[in-house]
Amino acid sequence: MARRTPKTRGTVPARAAGLRTPSWVGWLFVAPALAVYAVFVLRPIVLTFQYSVYRWDGIGSSTWVGLGNYGKVFTDPDLFATILNAVKLIVFFSLIPVVLGLVIASTIRRIAASRLALAARTVLFLPQVIPLVAAGITWSWLLSSTGLVNQLLSHIGLGGVTRAWLGDFSTALPAVGVIGAWVLLGLCTILLLSGMSKIDPALYEAARMDGAGPIREFVSITVPSLRQEIGVCVTVTVIAALASFDIVYVATQGGPGNATMVPGLEIYYLAFSERQVGTASALAVVLMVLVIVVAIPIQWLTKDRTS
Amino acid sequence: MIVGRGETWSGRVLLVLLMAATLMPFASLFVTALHPPGSYPSGLDWPADPHWGNFVAAFQAARMGELVKSSTLIVLGVVPVSLLLATLAGFAIGHLRIAGRNVVFLTFVLGLTLPFEGIITPLYYQVRDMGLLNTRWAIILPLIGLFMPFAVFWMRAHFVNMPDELSESARMDGANLWQLFWRIHVPLAMPALSSLAILLFLWTWNQFLLAIVLVDDPLKRTMSGALGAFQGQWGTDIPLLCAGSLLILTPTLAIFLIFQRRFVTALLQGSLKG
Numbered sequence: 001m002a003r004r005t006p007k008t009r010g011t012v013p014a015r016a017a018g019l020r021t022p023s024w025v026g027w028l029f030v031a032p033a034l035a036v037y038a039v040f041v042l043r044p045i046v047l048t049f050q051y052s053v054y055r056w057d058g059i060g061s062s063t064w065v066g067l068g069n070y071g072k073v074f075t076d077p078d079l080f081a082t083i084l085n086a087v088k089l090i091v092f093f094s095l096i097p098v099v100l101g102l103v104i105a106s107t108i109r110r111i112a113a114s115r116l117a118l119a120a121r122t123v124l125f126l127p128q129v130i131p132l133v134a135a136g137i138t139w140s141w142l143l144s145s146t147g148l149v150n151q152l153l154s155h156i157g158l159g160g161v162t163r164a165w166l167g168d169f170s171t172a173l174p175a176v177g178v179i180g181a182w183v184l185l186g187l188c189t190i191l192l193l194s195g196m197s198k199i200d201p202a203l204y205e206a207a208r209m210d211g212a213g214p215i216r217e218f219v220s221i222t223v224p225s226l227r228q229e230i231g232v233c234v235t236v237t238v239i240a241a242l243a244s245f246d247i248v249y250v251a252t253q254g255g256p257g258n259a260t261m262v263p264g265l266e267i268y269y270l271a272f273s274e275r276q277v278g279t280a281s282a283l284a285v286v287l288m289v290l291v292i293v294v295a296i297p298i299q300w301l302t303k304d305r306t307s
Numbered sequence: 001m002i003v004g005r006g007e008t009w010s011g012r013v014l015l016v017l018l019m020a021a022t023l024m025p026f027a028s029l030f031v032t033a034l035h036p037p038g039s040y041p042s043g044l045d046w047p048a049d050p051h052w053g054n055f056v057a058a059f060q061a062a063r064m065g066e067l068v069k070s071s072t073l074i075v076l077g078v079v080p081v082s083l084l085l086a087t088l089a090g091f092a093i094g095h096l097r098i099a100g101r102n103v104v105f106l107t108f109v110l111g112l113t114l115p116f117e118g119i120i121t122p123l124y125y126q127v128r129d130m131g132l133l134n135t136r137w138a139i140i141l142p143l144i145g146l147f148m149p150f151a152v153f154w155m156r157a158h159f160v161n162m163p164d165e166l167s168e169s170a171r172m173d174g175a176n177l178w179q180l181f182w183r184i185h186v187p188l189a190m191p192a193l194s195s196l197a198i199l200l201f202l203w204t205w206n207q208f209l210l211a212i213v214l215v216d217d218p219l220k221r222t223m224s225g226a227l228g229a230f231q232g233q234w235g236t237d238i239p240l241l242c243a244g245s246l247l248i249l250t251p252t253l254a255i256f257l258i259f260q261r262r263f264v265t266a267l268l269q270g271s272l273k274g
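From first to last, the protein sequence lines stand for chains A and B. Numbers 1 to 307, taken from full-length UniProt numbering, label the letters of the first sequence in order. Numbers 1 to 274, taken from full-length UniProt numbering, label the letters of the second sequence in order.
Read the hints as simulated data drawn from the structure, not as lab findings.
Short derived list, chain B residues pointing at chain A, Cβ under 7 Å: (1) Leu85; (2) Pro142; (3) Leu249.
What follows is a list of derived Cβ distance ranges for each label pair: (4) Thr8(B) x Met209(A): 15 to 23 Å; (5) Pro163(B) x Pro22(A): 18 to 26 Å; (6) Gln233(B) x Pro256(A): 19 to 27 Å.
Built from N, CA and C at the ideal position, the CB exists for glycine as well.
Just need the whole structure built from these sequences, with the hints factored in.
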């Protein structure tokens with residue numbers, strides 16, 4: 001099948017004619033999907049850009065302010081802090097799950113086909129299946145002053161550090177990050193593990209013969225072969241960090257103070273509580289652009305150039 | 001040999017630890033849900049007198065029956081239509097290769113990474129002007145649109161790999177385009193469609209942002225949105241909140257455990273393609 005594609009690509013009109021399908025008929029197939037997409041996604045995107053250059057309370061008349069709202073996003077410390085918080089969350093949502101996932105996956109690679117590993121596939125997917133809101137509620141209880149985390153810490157003699165993790169200015173953001181890491185670690189591990197199963201075992205045998213240890217194997221075989229899977233993990237988790245909303249909404253509502261405020265939640269508050277639709281939209285544009293600017297290079301860097 | 005065995009054991013231990021870390025929150029939720037209502041239990045202490053009645057109380061407080069019905073209606077509104085639209089579009093872009101397909105496809109791909117928060121403000125005013133605020137349509141219609149990039153991407157990836165000979169020979173046998181689509185291609189697309197259906201079900205059921213912004217009445221929301229409201233209302237009664245959270249988790253967990261093979265495959269493929 002794959003062989004045919006290059007041959008037919010050059011002669012598309014002829015081939016379409018071979019199927020006796022005029023192009024306008026084909027467009028009828030696309031039209032419904034495109035229509036819903038245009039009305040409920042493309043139009044709102046355009047409107048977000050439009051709102052972002054006005055000052056508007058959502059009810060009365062609006063005033064043209066040019067790029068003023070964008071200026072506010074980048075100069076108002078509270079607003080800019082939301083972007084910084086989202087970037088800091090990348091460490092927990094992305095770096096920890098991917099690195100830890102790589103280590104775990106390569107450790108359990110040899111037992112990937114065992115019954116235990118099959119059971120683990122199901123268990124590790126649970127956080128992906130439940131609503132993020134439920135993960136947020138569960139973890140706000142675990143991380144509360146009488147929660148399981150503090151109980152465990154006291155047990156191992158670390159009673160001195162116990163606190164309400166989500167209520168403390170210095171620990172709230174990392175605590176939110178831990179929730180994200182818990183949700184995403186299983187997905188990354190299993191994704192990487194399934195990528196590892198495609199690596200030719202002969203590569204590892206050859207490396208062993210050449211006297212390579214586990215670390216050498218990991219660096220020279222495992223990581224390069226998983227380029228594509230790592231790319232997917234990084235993309236998915238970075239977007240989850242930048243666009244986080246559900247977890248923060250239920251776990252901290254952005255508090256204490258503004259310690260865990262992220263762009264998504266700030267947009268929600270600005271637009272629907274504080275009635276600053278223009279500022280909310282400018283922040284929304286910044287968020288959308290930020291996600292694309294981050295996602296495209298990751299895709300490009302990790303693209304499998306060999307095929 | 002010895003090195004190999006050592007690695008196997010460290011792998012097993014690590015795997016068990018990881019599973020424990022994943023399950024621990026659920027265990028804590030469960031144990032806490034059995035404590036006397038209104039009490040402040042600590043961590044993983046098994047209660048002296050388990051209050052199984054908390055689940056009944058939470059079921060009634062959260063009006064679970066109505067919530068399940070509401071979420072089901074929303075899923076039924078979103079998933080079949082999304083599948084149909086995406087299959088039609090994926091077929092035209094991937095198999096019929098219509099003129100201008102690259103531009104259309106790129107337009108859809110642009111929406112793949114879109115954070116929903118980015119468009120939630122105009123969406124609110126648009127849905128309000130359509131008079132749909134506080135109805136389930138306020139969640140259903142935008143979600144179909146928002147799922148199109150991924151769904152079309154997914155179905156195109158399937159149709160691009162279907163051999164042309166298949167369609168050519170069906171045409172020889174006198175099938176028209178519609179028959180070719182329904183009789184030949186849709187049945188062959190079933191594996192791709194069922195994986196997509198699972199993903200869309202999950203994303204609809206767990207949709208939170210659209211639910212809390214566009215629908216005020218928790219009983220017309222998705223399960224996830226209703227849980228947010230439940231937390232607001234019962235947030236101070238920790239055992240009841242835990243019982244309610246567990247109940248709200250149950251439907252997805254049950255469906256996941258029944259279809260777990262398909263789920264895991266779908267989620268893996270889903271993230272690889274996306």
